[in-house]
Structure formats: C-alpha cells, structure tokens
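Novice: Model the full assembly from the supplied sequences, consistent with the hints where possible.
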Amino acid sequence: MDILFKILIDPFLQMGSAPDLLVQTIWEGFVTGVLYALIALGFVLIFKASGVFNFAQGIMVVFAGLTLVGLYEMGLPAPIALIVTLLVMYLLAVTIERVVLRPLVNQPDIILFMATFGITYFLIGLGEFIFGGNPKQMISEQLYLPKGSLEFKMLGGFVQLQKIDIAAAVIAMIMIIALALFFQYTRIGRALRAVADSHKAALSVGISLNQIWVIVWFAAGIVALVTGIMWGARSDVSFGLQVIALKALPVLILGGFTSVPGAIIGGLIIGIGEKLGEFYWGPLVGGGIESWLAYCIALFFLLFRPQGLFGDKIIERI
Amino acid sequence: MFYRETGQFKTNYADDMALLPILQDRIGLGIILFVAYVIIPFFGNDFLLSTVMIPFLVFSLAAIGLNILTGFTGLISLGTGAFMGVGAYACYKLSSVFPDLNILLCIVFSGVFSALIGVLFGLPSLRIKGFYLAVATLAAQFFLQWCFVRIPWLYNYNVSGAIEVSQRSIFGVVVTGAKAAPESRYIVMLVLVTLMTWVAANVLSGRIGRAFMAVRDMDIAAELMGIDLLKTKLLAFAFSSFYAGVAGAAMMFIWVGGGEANDSFNINQSFLILFMVIIGGLGSLLGAFLGAAFISSLPTILKFGLPALGIPLAGATAEHLTYILVGGLILFFLVVEPHGLARLWQIGKQKLRMWPFPY
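Residue numbers (this note's numbering), protein chains in the order written: chain A, 1 to 318; chain B, 1 to 359.
FYI, nobody ran anything at the bench for these hints, they're computed from the structure.
Ideal Cβ positions, reconstructed from N, Cα and C, are used throughout, including at glycine.
Among the clues, some could well be false.
To be verified - In silico DSSO-like cross-links for lysine-lysine, where the CA-CA straight-line distance does not exceed 30 Å:
#, chain 1, residue 1, chain 2, residue 2
1, A, K313, B, K231
2, A, K136, B, K129
3, A, K200, B, K129
4, A, K313, B, K129
Claimed, not checked - With the Cβ distance kept under 8 Å, some of the chain B side facing chain A (calculated, not the full set):
#, residue
5, F9
6, I76
7, L138
8, I187
9, A318
10, I330
11, P338
12, L341
13, L344
Specialist: Rendered as structure tokens:
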C-alpha cells in the first residue's frame, strides 16, 4: 500500500503543495521539448522527402554549431561566420546527395539507415579533426541572443525563466511557421510535398529527385544550425550533444516519422513528461530515469497507435 | 543463371538437405577449422590471440545473434549491447551463486536469462514494425543499462559496481581470471563459437529458420500460410538474445576479464554489432563472421597499420582519423556492395564456377 501511495498519490500531493515548482518543471520540460522537437523536425524533413531514417541529424547539429563557433574563433565576424556555416551545410547536403544517396537509390531502408551511421562517424571524426574535441562556448552575445533571466511571482513562489529559453521557443516557432509556409506556398515546397507523397509520381511529372534531396538536406542542415545555436547557448557546443540528440528518436516514434506537427507535439510531450517523471517519480527508484523514460512514454503510445500520433496510417498490401 | 558444381550429384533427400552440399565447401570448412584449432593456437603469439582472435570470436557470436533477428526475421534491433550486458551480469550472478558450477555452463545458462529479457522486450514487435520497432528496442537498451547501474544486487553490492571475474578452470586448465593463458581462453571461446554456429546453421535451415524468413519477407503472407506470428517473432527475439547474452558473458569472462561493465554494453556497442551484420551481409551466417572480422580488426589495423605505412599518428589525431576512416569505409562498402561482404563472396563463387568460360 505504501508503495502504491508513493507512486500514485504522493507525487500529485507534492505538485499541489508547491505549484510554483510544478510550473517551473513544466517550463523546463517545455524548453527541452522544443529542442527535441527541432532535432526531430530536421529528421522528419528528410524522412518525408527521401524515406531515409537520418541518424546523422544529431551530429549535424553538433557539426553546424562547431563550424559556427570554430569559424568565429578563426577571426571571422559573427554574421559572416553564420553565412559561411550555411554554405558549409549546403556543401554537406550536396556531398551527401552525390556520394551517398545517389549510388544507394532504391536500396532497402536499413541500408540507407546504416549509411547515415557512416555519415555520423565521418562527421564526428571530421569535426574533431578540424575544430578539436573540446567543448566550445557558443557565441551567443555576438548573435544578439538575450542573456539573464526573468522572475515571475506567481502561485505563492517564484518561477524563473531564462531569456535564452524564451528566445529558443520563439525562434523555434518562427522556424516552424516559416517551414509550413515554405511547404505550402512555394514551388519548391509543392515539389517537396509531391516527392513525399510518391517518388515515382513526382519523377513522372518532371521533378528532379536529386535536386529535391539536396534542398531537403540543406533545409535539415539549417534546422540543425538553429538547433545547434540554441542548444549551444544553453550549455555549450560539444559532442556530448549527440547523445542528447538520441532523445529525438522517441519524439519521432511518438509523433510519427512523417508528420511535422507530430514532431512538435511529440517533442513537447516527451520533454514535459520526462522532466515531470524525473522530478516527481525519479527519486522513488533512485533517479536517473530520464535516460529511458522518454522511450517508455513513446512505447506506451505506440501500443495504441503503431504509426505514432500523427503518422500516416500504415496500409499493408499483399 | 543458376549453376551447380559439375559431377556432384544428389541421389537422396538427405544429400539435398545437407548443410554443406558441395564438396569444396566441406573441404574449405575443414581447412578453416584446422587453422583455427591447430595452427593459430600453436603458432600464434599472445597478441594475435588476445587482441585479435578472441574479440573476433566474441563479436561474431553477437553478430550471429543479431543477424538471426535482423537478417533472418527482419526485425531491426538496437538493443544488442544491453542483451549482451544481461548475459554478462547473469553470468556473474550465476558464477557467484553456484561457485562449483562449470564456468562454461554458467556462460551458456546466462544466455537463457538474456533470452527471457529479450522475449519481454520483443513483445512490442507484434504491433510495431520497421524503424518504429528499432527505436522501441532502444528502450531496452537504455532501461537495461540503467538497471546495470542502479540495481546493486546485480553486481553483488560491491563498491566499484564492476563485474569481478574469479579464477575458474575446466579439466584443470585455468580459463577465466587473471591467470588464464590466452591459448586456453581462445580454445574455450572457439569451441563455444563452433558449437553455437553449428546449432544456428541447423536451426536456420530447418522449419524454424524458414518461418523466420517467411516473416521477414512479408509477415501478413506468412500469417496466412499458417505461421504463428506471435510465436515466431518472440522465438526470434529469444534465439537472438540468447546468442547476444552468451557473447556478452563470454566477452566479460573470457575476453576482458571483468571491469566496468556498463560502459561495455552501451548504445555504441549495439550500433557496432549492427554495423557488423550489415557490412557482413544480412541473412547470412558467413556474413556475421566476415562483418565481425572486419569491424573488430579495423581499429587494430588502423592503429598498427598506418604508422607502418609511414603515416605518423599522434594520440588524438589518430582517434579522429579512425573515426573518419571507419565512417568512410562503411559508406564505401555500402555503396560498392549494399548486400555486404557475404554477397561479394557469393558473386566470387559464381564467377569461379563458370571460370574460365563466363558464357
């Protein structure tokens, strides 16, 4: 009975007795969730357009962040470093399309999945080789990102919001809206949606798959860069980030591989659920449950909807 | 065109069902076994045995395990590392609870525990498929890894939290612990791998293996043909985790000899084994060995081979270059032959069959 009380009732009593703490925890979960969602977003873009389970998205985040900071340290002013980084991400997209995707066209999914592992290893080595393996400070001031924190007095306590977190949430939202508009109203966006629907049909109306892939990987690269900046500004830019990027995977299965809104909502569910779980239920089992709780939340959802919350319905034909 | 060897006729069903229907294959296998059992232990030095051969054997066992699941049944798993960990901890518990039990039995029985855990985490595979399943198996990876750290009972409440390998012997020869000679460890490992490969080859070519492959090719069709999906998928998970568990136990007890086990069974280990399976060739036992040989010897080759070629390597740079090279090689092999080294071998065999008249 005691253990049941501790699991089922006590955490909620704690929440009720200190609502400011609850709000703080939810806010932290929300911000982490936004960042998970950003990584998942880059992933969804690629999966939709080319059906590649891009494991390298996490390392692309690190790589973009590192390139930006590394270029700045080499003496380029911040705006130019930003532009050069974008160029680098474009080159990366072109190279990946040429070297990896084009020869592997029409191969089973798992082979392409493995190829993105190869890309991951390659980028880890390349990034460390060029910029060194030490964690770097993100150049947040030079990029005009806000610092410090706001405190609100509410619910009988204080809730502290870091300004950078607010900025991250706002920027993420702007980017998602921009992507949605881009997908909905531009020529390229329409082509992207056509490719996502069916490769063959898109080819038959004269859409160049290769071109689309470059664009999509570049778009994922831009998303990776923004994620890298935001995440880097919260902690620092290091290869440790790619482990955190693994957290984007449960977000994906929760939201569905093919859905942009799914990535966002999945990210928020995972982020908030994980923080709440760690804070209120974690101590019961000795803490550290953050590492797997996200997967269990996602698994639970999957048992009811095998294609994720917003994924395309899986139709099987014989 | 499908050619067979000339002059080798099958006159009864037993011949047709034989594991190695071709004479050349039998001879080749005999030579490999002779080299493995006689030449390497007698003429190989300690370095070859303990840094090349034993890791290779351990990894090939794990790769066979994953290949059963991913290559034969078509279920992608990213939790192999954790299942190996289950084997290692189970073996540690078994060997400390039953100190008189033969260590080989401990290692094999630890696979049973791993299989049970595997079945448990295989349950979602009934509803979830493809990459959704792959990510779901990551839950096993992270959850089990967390258990290895947070449940002190698993490592007998010792302070370091590491697995301690005590000295055990079989027939009076020390095989585990600090005093075991590389030769004896190697032979034990080799016997284990030979036996388990033989079992796997037989199971996979029989009814169970065919059911696995039917599920891989299309599970709905397999179900219509009367294959029980629940049983088959769970059996594949059990079978695969059994091999992974034995590999993990062998890794801790025969290869590494104890230590901080949690780091050895992390997600990178799972990915590494998946690499082996893919590079070697999905759905091929030979592929498991080739992939394991390639991936497990790659760091050693790069470490000792590059300086020999005149490329000087300082510690950190070497590590970065290794990453770039491993990534590059994986991409290269995938682009050249997406179906793995085993397919290359098949193509070569086909060429030899028709040589010298290719038409």
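Novice: Return the numbers of the hints above that this structure violates; sort them in rising order.
Specialist: 2, 5, 8, 9, 12 and 13
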